[in-house]
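Novice: Those protein sequence lines, which keep their order, are chains A and B. Terminal number for the first sequence in full-length UniProt numbering: 357, no gaps in between. Terminal number for the second sequence in full-length UniProt numbering: 512, no gaps in between.
Treat the hints as calculated values from the structure; they're not laboratory data. You may find that some hints are simply not true.
[Said to hold, decoys possible] No farther apart than 20 Å at their CA atoms in a straight line, the calculated lysine to aspartate or glutamate pairs in the EDC-like style are these:
1. A:LYS217 - B:ASP375
2. B:LYS372 - B:ASP328
3. A:LYS243 - B:ASP375
4. A:LYS39 - A:ASP340
5. B:LYS48 - A:GLU5
6. A:LYS242 - B:ASP263
[What the hints assert, rightly or not] Which bits of chain A does chain B cover? Going by a derived footprint, with three or more residues having C-beta under 8 Å, they are:
7. 217-223
8. 233-245
[What the hints assert, rightly or not] Among the chain A residues that face chain B by a calculated CB cut under 7 Å, a handful are:
9. VAL226
10. ALA230
11. GLN315
Ideal placement from N, C-alpha and C gives every residue a C-beta, glycine not left out.
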Amino acid sequence: MHLLEPRPQPSRKMRWLAPVYAIGLTLISGALLFTALHKNPFHALYMFFIQPLTTGYGWSELLVKASPQILIAQGLAVGFRARVYNIGAEGQLIVGAIFGGGVAIMTDGSSAAWILPVMVLAGAIGGALWGALAAWLKTQFNAEETLTTLMLTYIASLLLAWLVNGPWRDPAGQNFPQSIMFGDAASFPVLLAGSRVNASLFITLAVVALFQLLISKSFLAYQIEVAGQAPAAARYAGFSQKKAIWLGLCLSGLTAGLAGVGEVAGPVGQLNLNISPGYGFSAIIVAWLGRLHPLGMVLSGLLMALIYLGGEAAQVSLQLPAAMTGLFQGMLLFFLLAADAFINNRFRRRKPATRFA
Amino acid sequence: MAERLQLSGITKRYPGVIANDGVDLTVAPGEIHAVLGENGAGKSTLMKIIYGAVQPDEGQMLWNGKQVHIDSPHAARRLGIGMVFQHFSLFETLTVAENIALVLEEKFDLATLSARVREVSERYGLPIDPQRRVHGLSVGERQRVEIVRCLLQNPQLLILDEPTSVLTPQAVLKLFETLKRLAAEGVSILYISHKLHEIQTLCDAATVMRGGKVTGIATPREETPSSLARMMIGRELPVCVMPPYTGEQRVVLALEQLSASTDDPFGTALAQIDLQVHAGEIVGIAGISGNGQAELLAALSGENPVAAPMIKLENQPIGHWQAGQRRDAGVCFVPEERLGRGAVPAMSLTQNAVLTAHRQSFKRHGLLNFAKARDFALRCIERFDVRCPGPQAAARSLSGGNLQKFIVGREIMQNPRVMMVAQPTWGVDVGAAAFLRQTLIDLSRQGVAVLVVSEELDELFEICDRIAVLAQGRLSPALIKTQTSAQTIGLQMSGLGASPQPAAEDSAHAFA
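Same shape as in the complex, but just chain A (with noise of 0.2 Å):
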């Protein structure tokens, strides 16, 4: 007998509250976890959770790490909602980063005022040249892009490694595999002294709004959403399913690609192999857990960054292993899967049907 019965609409309510129920059992999975790890419980969630925010720098650097996540989901959301899984987003970042950091040390030493935009534009075209190469894998062989965007990530770090291990390495630097420090003109403006939060973050705020636009009112985005949801129907409507792929796989890849740009010339301010911790990858929960809505991915981004923050945190405070973020984004991302079940299902309701007689 089969647990769940499907419902005859999808619930517009559970669709919402997945998220809240995976956040919950996260939380409780977690702290049965510290409990088995003999700590006590309240504590390390408050250590996790709370104290990260209890300092204007912790708020800073929540938006830090929160701005690209929310970025790159943006993008992801367009190809996830064509039903195209880019989970190569890691590996566009890096080849933004590249294009932009690359621009970056051409022009060392120059202060020129078109620098930091031209590191964009290029970083833009990074990522969505590598994402473009997924597409191209696609339509023309069909190769599955789960496989090539991850296949494709591996060779963007690798290319990354070969960079600041060779040509781009920088000279005075007791030969660390990384490049030289970006100066002034290639480096987005700090806009809080004291902090790492830096003028990326209005790429951030414009693309929210930009494809918040895109979504809810564009036929674009309705073209998409149809050759994602059903394949037949958009045939029949004479959409294109390749014009959906390569929409999805490059707007993916250039909102990764920009992500890209803004840590290199952000926080990290140049080329090494630490570039990201994975925010091409924490994205896709980012996206999952945002419903795919752009303001719904701005929450879910804040919650990622939180939990990089608790990380962090735990590693200090708690003497716990650095796994623990993993952990963590891994049980929501499991939780959420299975509260989405509850979408289109619902408990079978065991009623005999001789109840009134």
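Fit chain B to the given chain A structure using the hints.
Specialist: Structure of chain B alone, referenced to chain A:
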């Protein structure tokens, strides 16, 4: 003697709608009992309740005099209830015997099972070779497999959901013989249909439903089609009128030596099809699905473009155009599959209006005006009497017939030059079907070229000016309907349409 099945006070509520409202139904042993009703009258829900696929909220069920609670189709089959669905659930790559083996619960070996299949199928006049693979079977033969599959489980009650909608007139007569023989042996039959004349020739009793309630119990032979229709739809059955076309005579759509291969391993390639559709006429394409209908429609709609000169729109070669381009040029199309092709299941009717009607100035600078789309959907719902909570309802929440009305309406409201419709009234109740047919006639008389592909011969003869038969990917010349007859067309359909493949090919498959 106890009744075979007695339902009393069956009620099933869904959010916003009562599908069954205190329904009583009594079927005697050996009785052929019709359940008549419009779409959304609650027939399907009631059958699903009997077959255990849906649980009622209230009411009780007596089976051979004993109270039962059927909580799954599995339990229903164990009691002796079999059901033949409108859409078959057969695996094309398996043989008939293998398909039947899949649903049996007891232990079996294929050789004995094949012998039993052969025996049962012959006893009931349903000849079928258990070794043949399903993909080579015609629709009528597939239905036999489904029926034989039920019969092997020795049912005491057989439920058939619109069983004749896919059969040729000749095959319908054969089916009726079988059903009468079963009834004579004491098997009760629940027969769901909206074809009144069939019910009159076949059924002993009829329960008529409207709006989830039983509105009457009748003896069909003592009624007239119009009195039955009145019970069913609450008013007189409308009759289609076909005024002559008085406008300019010209060819709008022309197919010239249209050939197309198919990607589907069980599809049918099209071979040198010639056809002209004039302004102001309705041309019907008869034939059983699987004879190239899907391929022809995909070529015509642009979902599978062909060589440019094979299709001409007002003398312009458009065979290579994509679906969107053809729609821009005024070619509208209602596909056979409503959910997933004609409409996006999870989207609202407003959003589904945008699917093809976005050309009705819904867009500005790439942005959609959803207020306009909503207004369009509302007008479509009103004009075509789509029963639904409103334009915000998801397409998949509508019954098949109501969604069909919405899709046909959406296409007609775009003022097409060419209108192509597959199975226009498939699953639509008599009242709405008559309205849709009349709308198509009126549309054609405004100078639109209308092409209708249908498996229902009665329908084609009612609305078409000319009729052609598509069998095995070839199209017969379109004849003026008064110069042909249902019998002739039926023979063309089955003569060419029945799969003539030799036994050798099947054994080749078997040993491959």
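Novice: Each hint should be assessed against the structure and marked as holding or not.
Specialist: Each hint, compared with the structure:
Using a Cα cut-off of 20 Å, the hinted pair A:LYS217 and B:ASP375 holds, with the two alpha carbons roughly 16 Å apart. For the hint linking B:LYS372 to B:ASP328, the alpha-carbon distance of about 19 Å falls within 20 Å, and the restraint holds. Between A:LYS243 and B:ASP375, the direct Cα distance comes to roughly 29 Å. Violation of the 20 Å bound is thereby established for this hinted pair. Using a Cα cut-off of 20 Å, the hinted pair A:LYS39 and A:ASP340 is violated, with the two alpha carbons roughly 31 Å apart.
At most 20 Å may separate the alpha-carbon atoms for a hinted pair to count; B:LYS48 and A:GLU5 meet this at roughly 15 Å. With a CA separation close to 19 Å, the supplied pair A:LYS242 and B:ASP263 stays within the 20 Å bound. For the region 217-223 of chain A, the assignment as covered by chain B holds, since 5 residues bring a beta-carbon within under 8 Å of that chain's beta-carbons and 3 suffice. Under a criterion of three residues with beta carbons nearer than 8 Å to beta carbons of chain B, the stated coverage of the region 233-245 of chain A is upheld, 7 such residues being counted.
Given hint, A:VAL226 at the interface with chain B, holds; its Cβ is 6 Å from that chain's nearest Cβ, closer than 7 Å. The beta carbon of A:ALA230 is positioned within 7 Å of a beta carbon in chain B (closest approach about 4 Å), and the interface hint is therefore held. Because the closest C-beta pair between A:GLN315 and chain B is about 43 Å apart, greater than 7 Å, the hint is violated.
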